[in-house]
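Colleague: Sequence:
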Amino acid sequence: MLDLLSWAKRFVATPSVSRDGNVGVARLAGEMLRAVGLEPRTERVLDEGVEQFNLIADLVPAGGAGD
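Note that our numbering has the sequence shown beginning at 87, numbered continuously upward.
If you're looking for bench data, these hints aren't it; they were derived computationally from the structure.
Ranges between beta-carbon positions, derived for each pair:
hint	residue 1	residue 2	range
1	100	130	16 to 26 Å
2	126	95	12 to 22 Å
3	132	99	23 to 33 Å
4	106	129	14 to 24 Å
Glycine included, C-beta positions come from ideal geometry on N, C-alpha and C.
The task is simple: from the sequences and hints, build the whole structure.
Modeller: Right under this line is the structure:
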């Protein structure tokens, strides 16, 4: 089970100003998702010259259950 208070403290302590990019928050969120058994992937995006990352994690395999 995750210690949500510990994770929240880590997120609050992670720099996340949009103009500086979000790599730190994306890495931390990826770490948290892996801790609960998910395999996130990232999409790198340049927004006005600043590197941003979209973090994506599926709860079910591609194609979904019952397909």
